[in-house]
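Novice: Sequence:
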Amino acid sequence: MNAGEVLIQIYETLRGAYGHRGWWPGETPFEIMVGAVLTQRTNWRNVAKAIDALRSAGVMEPAALSRVDLVRLQSLVRPAGYYRQKAARLKRLVDWLIERTGGDLERMQDAATEDLREELITLKGIGPETADSILLYALGRPVFVVDAYTKRVTVRHGLIHETCTYFELKELFESNLPRDVELHKDYHAQLVEVGKRQCRTKPRCATCPLHPVLGDPIEAEGF
DNA sequence: GTCCAGGGCCTAC
DNA sequence: GTAGGCCATGGA
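Anchor point for the first sequence: position 5 equals 5 in our numbering, and the numbering is continuous, going up by one each time.
In case anyone wonders, no lab produced these hints; they're calculated from the structure. All values reported here derive from a predicted model rather than from experimental measurement. Incorrect hints may have been included.
[Stated by the list, open to error] Heads up, simulated DSSO-like pairs for lysine-lysine below, C-alpha to C-alpha not over 27 Å straight-line:
1. Lys196 / Lys170
2. Lys151 / Lys124
3. Lys124 / Lys91
4. Lys91 / Lys196
5. Lys91 / Lys49
6. Lys170 / Lys49
[Stated by the list, open to error] The following label-pair restraints were derived from C-beta to C-beta distances:
7. Tyr166 / Ala111: 19 to 27 Å
8. Asp110 / Gly215: 23 to 31 Å
9. Ile8 / Gln74: 28 to 36 Å
10. Arg67 / Gly16: 20 to 28 Å
11. His161 / Ala63: 42 to 50 Å
12. Arg55 / Asp104: 13 to 21 Å
13. Arg67 / His20: 34 to 42 Å
14. Gly215 / Arg92: 41 to 49 Å
15. Asp110 / Ala63: 44 to 52 Å
16. Glu168 / Gln109: 27 to 35 Å
17. Val71 / His211: 45 to 53 Å
18. Ala88 / Gln109: 38 to 46 Å
19. Glu106 / Asp52: 20 to 28 Å
20. Gly58 / His161: 46 to 54 Å
All C-beta atoms in this analysis are idealised placements derived from N, C-alpha and C, irrespective of residue type, glycine included.
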């Protein structure tokens with residue numbers, strides 16, 4: 001079996017276990033962008049509180065968020081943790097958005113994916129994963145989002161070495177999967193699901209749906 | 001009280 | 001170029 005076939009088999013196994021997830025809780029592309037920043041190293045439960053606060057304050061929209069006072073924004077996103085950093089990151093993101101599109105995300109659809117990724121990565125506070133999350137879930141580009149769960153699952157199951165880079169892991173998926181946006185969205189969502197439920201500690205891995213397909217997980221410190 | 005969650009930046013070697 | 005520290009809240 002080649003890499004592409006293994007990856008598809010993993011996906012189908014996870015989907016069979018968890019059902020279609022589609023995923024990214026967010027009403028609008030802009031809200032998805034905001035969530036991508038807020039969820040950095042943070043439980044989604046806390047992120048949801050911050051998102052609710054932003055909605056209630058009427059600033060879940062580019063122009064409004066751009067205008068809101070920084071200290072006010074900090075207090076709104078406080079439940080998501082790292083609130084000073086995240087408020088500043090949201091400001092930079094929304095400033096870029098308005099400068100580039102006037103706040104209308106549709107105007108970004110002409111730009112090439114790689115160019116957009118480069119622009120996003122250049123923003124302080126937007127790294128590879130946040131950029132890819134925005135590209136895939138907010139802008140519908142066929143990129144693969146690599147996160148801690150992706151690495152944990154693939155390393156534990158021997159698909160890639162523990163010392164791999166973000167780019168290598170991203171390439172593993174992107175070069176071996178069809179360039180299908182919905183598949184990319186759901187695949188990442190499935191990996192998060194199995195990562196949350198399994199592959200944290202060995203005992204929890206005992207019921208991992210991937211074991212019958214991939215065999216027992218390997219020992220990997222830190223995963 | 002301890003651990004950790006859908007990262008990313010900065011500094012020191 | 002990379003290991004380590006830092007950012008911070010809230011639930012298990």
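Novice: Each hint needs a verdict: does it hold in this structure or not?
Specialist: Now for the hints, and whether the structure bears them out:
Our distance criterion of 27 Å between C-alpha atoms is met by Lys196 and Lys170, whose separation comes to about 20 Å. About 24 Å separates the Cα atoms of Lys151 and Lys124, which keeps this hinted pair within 27 Å; it holds. A threshold of 27 Å between alpha carbons decides the hint, and for Lys124 with Lys91 the separation of about 11 Å falls inside it, so the pair holds. For the suggested pair Lys91 and Lys196, the alpha carbons sit about 30 Å apart, so the restraint of at most 27 Å is broken.
Among the hinted pairs, Lys91 with Lys49 is consistent with the structure: their alpha-carbon atoms are about 19 Å apart, no more than 27 Å. Between Lys170 and Lys49 the alpha-carbon distance is near 30 Å, which puts this suggested pair outside the 27 Å criterion. As the Cβ distance of Tyr166 to Ala111 is approximately 22 Å, the hint placing it in 19 to 27 Å holds. At about 46 Å, the beta-carbon gap between Asp110 and Gly215 misses the expected band of 23 to 31 Å.
Checked against the hint of 28 to 36 Å, the C-beta distance between Ile8 and Gln74 comes to roughly 44 Å, which is inconsistent with it. A C-beta distance of roughly 47 Å is found between Arg67 and Gly16, which places it outside the suggested range of 20 to 28 Å. In this structure the hint that His161 and Ala63 lie 42 to 50 Å apart at CB holds, the actual value being about 46 Å. The hinted range of 13 to 21 Å is satisfied by Arg55 and Asp104, whose Cβ atoms lie roughly 20 Å apart.
Between Arg67 and His20 the C-beta distance comes to about 38 Å, which sits within the given range of 34 to 42 Å. A C-beta distance of roughly 45 Å is found between Gly215 and Arg92, which places it inside the suggested range of 41 to 49 Å. Under the hint 44 to 52 Å, the C-beta atoms of Asp110 and Ala63, about 21 Å apart, miss the expected range. Restraint check, Glu168 to Gln109: a C-beta distance of roughly 29 Å satisfies the suggested window 27 to 35 Å.
Against the hinted window of 45 to 53 Å, the Cβ-Cβ separation of Val71 and His211 comes to about 50 Å, which satisfies the hint. Between Ala88 and Gln109 the beta carbon distance is about 28 Å. The supplied range of 38 to 46 Å is therefore violated. Checked against the hint of 20 to 28 Å, the pair Glu106 and Asp52 passes, with Cβ atoms roughly 26 Å apart. For the hinted restraint 46 to 54 Å between Gly58 and His161, the CB-CB distance of approximately 48 Å keeps it satisfied.
In summary, the numbered hints that this structure violates are 4, 6, 8, 9, 10, 15 and 18.
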